[in-house]
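Take the sequence shown: its letters are residues 2 to 267, numbered as in this note's numbering.
Because the hints were derived from the structure by calculation, they are not lab data. You may find that some hints are simply not true.
[Unchecked claim] Computed list of lysine to any residue pairs in SDA-like fashion (alpha-carbon distance at most 25 Å, straight line): (1) Lys37 - Asp61; (2) Lys205 - Leu257; (3) Lys91 - Asp149; (4) Lys205 - Ile221; (5) Lys218 - Leu244; (6) Lys58 - Lys91; (7) Lys205 - Val157; (8) Lys91 - Lys198; (9) Lys58 - Lys198; (10) Lys16 - Lys30; (11) Lys267 - Lys158; (12) Lys4 - Ile71; (13) Lys158 - Gly215; (14) Lys218 - Glu191; (15) Lys267 - Gly226; (16) Lys30 - Gln92; (17) Lys267 - Thr249; (18) Lys16 - Val157; (19) Lys174 - Glu191; (20) Lys158 - Thr249; (21) Lys205 - Gly215.
[Unchecked claim] Simulated restraints on C-beta separations: (22) Ser163 - Gln94: 34 to 42 Å; (23) Lys174 - Lys265: 27 to 35 Å; (24) Ala255 - Asp149: 29 to 37 Å; (25) Lys10 - Leu160: 26 to 34 Å; (26) Ser133 - Asn72: 40 to 48 Å; (27) Lys267 - Ile81: 19 to 27 Å; (28) Glu236 - Pro192: 33 to 41 Å; (29) Ser163 - Gln237: 16 to 24 Å.
A virtual CB, placed ideally from N, CA and C, is assigned to each residue, including glycine.
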Amino acid sequence: MFKNFLVEKSYYIAKVIINRPEKRNAMNKDLFIELKRVFHELNEDPEVRVIILTGTKIGDKEFFSAGIDINELAQFGGDIGLTEIRHYSKQLQEGISAVEMTEKPVIALLNGYCFGSGFELALACDFRVASSKTQVGLLETSIGLIPDLGGITRIVKTLGTSIAKKVILTSDKFNAEESLQLGLVDWVYEPTEVEDKAFELANKLLRNAPLALGVAKRTIDQVYGQTQETGLLIEQLAQLELLKTEDTREAFLAKLEGREPDFKGK
2 MFKNFLVEKS YYIAKVIINR PEKRNAMNKD LFIELKRVFH ELNEDPEVRV IILTGTKIGD
62 KEFFSAGIDI NELAQFGGDI GLTEIRHYSK QLQEGISAVE MTEKPVIALL NGYCFGSGFE
122 LALACDFRVA SSKTQVGLLE TSIGLIPDLG GITRIVKTLG TSIAKKVILT SDKFNAEESL
182 QLGLVDWVYE PTEVEDKAFE LANKLLRNAP LALGVAKRTI DQVYGQTQET GLLIEQLAQL
242 ELLKTEDTRE AFLAKLEGRE PDFKGK
């Protein structure tokens, strides 16, 4: 059981729901620490192969997350030392990094407002499926700060410095269509169908070998920024890791027998 999250599992899919409705799913230190534990547990669970991350509905409004819990953050404006501030920041960063580093594909289901650290969390996911009512933004510069939980790094890495500056320096809120055009989200659907579409994507991923998905995800991250020669070596080593697996043998046999493979994640 978790204090800040609900976890629902069904047929190899885990749905993780941020559950702080009284705070519009705002994120405090305890939530980030628990986030790390949630994803470590799911990463080790053989009955989970794909993860969907979303926010709980709050009345007639929906929030993926309103961002950092300002009440907690405000304490750092006083006489707290740099060492304590760095420790606090590191704990938050580790929570989001646990999402990015899980071997299983993670789909962010953006069902409403998604700002600040909430959007930094979404950027750590592999896919972002958004409701047409979604708004996203990195608003930190409007309160005298910058995104420091990986938001800058991840936008620059995936979309380049121009988009990063447009998003971060303006601290604008972008609607779903604007977000799609900028590449901040991958798909936009009507609110009544967005969850079904996220699960459709999850089920599409389930058709592939789970070990191959994990190795492919890791390899994509590892080759980024490498030379062609180094990238090819990383790919080769990753392939050797998979060639001896039971799932690869099962895939070859299924092709020969004209049937769908039954992957075991081994």
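Evaluated hints:
Only pairs whose Cα atoms come within 25 Å are accepted, and Lys37 paired with Asp61 is rejected, the gap being roughly 29 Å. Restraint check for Lys205 and Leu257: satisfied, since their Cα atoms lie roughly 22 Å apart, inside the 25 Å limit. Restraint check for Lys91 and Asp149: the C-alpha separation of about 10 Å stays at or below 25 Å, so the hint holds. Proximity of Lys205 to Ile221 is assessed by CA-CA distance (about 19 Å); at most 25 Å being required, the pair is judged to hold.
As the CA atoms of Lys218 and Leu244 are separated by approximately 17 Å, the hinted pair is consistent with the 25 Å bound. Between Lys58 and Lys91 the alpha-carbon distance is near 29 Å, which puts this suggested pair outside the 25 Å criterion. With a C-alpha separation of about 28 Å, the suggested pairing of Lys205 with Val157 is violated against the 25 Å cut-off. Note on Lys91 and Lys198: the hinted pairing is violated, with a Cα-Cα distance of about 34 Å set against a maximum of 25 Å.
Between Lys58 and Lys198, the direct Cα distance comes to roughly 18 Å. Compliance with the 25 Å bound is thereby established for this hinted pair. Restraint check for Lys16 and Lys30: satisfied, since their Cα atoms lie roughly 22 Å apart, inside the 25 Å limit. Between Lys267 and Lys158, the direct Cα distance comes to roughly 32 Å. Violation of the 25 Å bound is thereby established for this hinted pair. Pair hint Lys4 plus Ile71 holds up; C-alpha atoms about 19 Å apart against a cutoff of 25 Å.
In summary, the hint linking Lys158 to Gly215 is supported, as the alpha carbons are separated by about 20 Å, within the 25 Å threshold. Restraint check: the Cα-Cα separation between Lys218 and Glu191 comes to about 28 Å, which exceeds 25 Å; the hinted pair is violated. Restraint check for Lys267 and Gly226: the C-alpha separation of about 30 Å exceeds 25 Å, so the hint is violated. Between Lys30 and Gln92 the alpha-carbon distance is near 7 Å, which keeps this suggested pair within the 25 Å criterion.
A distance of roughly 9 Å separates the Cα atoms of Lys267 and Thr249; the hinted pair therefore holds under the 25 Å criterion. At most 25 Å may separate the alpha-carbon atoms for a hinted pair to count; Lys16 and Val157 exceed this at roughly 28 Å. For the proposed pair Lys174 and Glu191, the alpha carbon gap of about 19 Å is at most 25 Å, so the pair holds. Between Lys158 and Thr249 the alpha-carbon distance is near 31 Å, which puts this suggested pair outside the 25 Å criterion.
Distance restraint check for Lys205 and Gly215: the Cα-Cα separation of roughly 15 Å lies within the 25 Å cut-off, and the hinted pair is therefore satisfied. With their beta carbons about 25 Å apart, Ser163 and Gln94 fall outside the hinted range of 34 to 42 Å. For Lys174 paired with Lys265, a C-beta distance near 45 Å fails the hint of 27 to 35 Å. Checked against the hint of 29 to 37 Å, the pair Ala255 and Asp149 fails, with Cβ atoms roughly 47 Å apart.
Restraint check, Lys10 to Leu160: a C-beta distance of roughly 32 Å satisfies the suggested window 26 to 34 Å. At about 31 Å, the CB distance of Ser133 to Asn72 disagrees with the hint of 40 to 48 Å. Our hint of 19 to 27 Å for Lys267 and Ile81 is violated, since their Cβ atoms are close to 49 Å apart. Restraint check, Glu236 to Pro192: a C-beta distance of roughly 40 Å satisfies the suggested window 33 to 41 Å.
The beta-carbon spacing between Ser163 and Gln237, approximately 34 Å, falls outside the hinted interval of 16 to 24 Å.
Taken one by one, the earlier hints fail for this structure at numbers 1, 6, 7, 8, 11, 14, 15, 18, 20, 22, 23, 24, 26, 27, 29, listed in ascending order.
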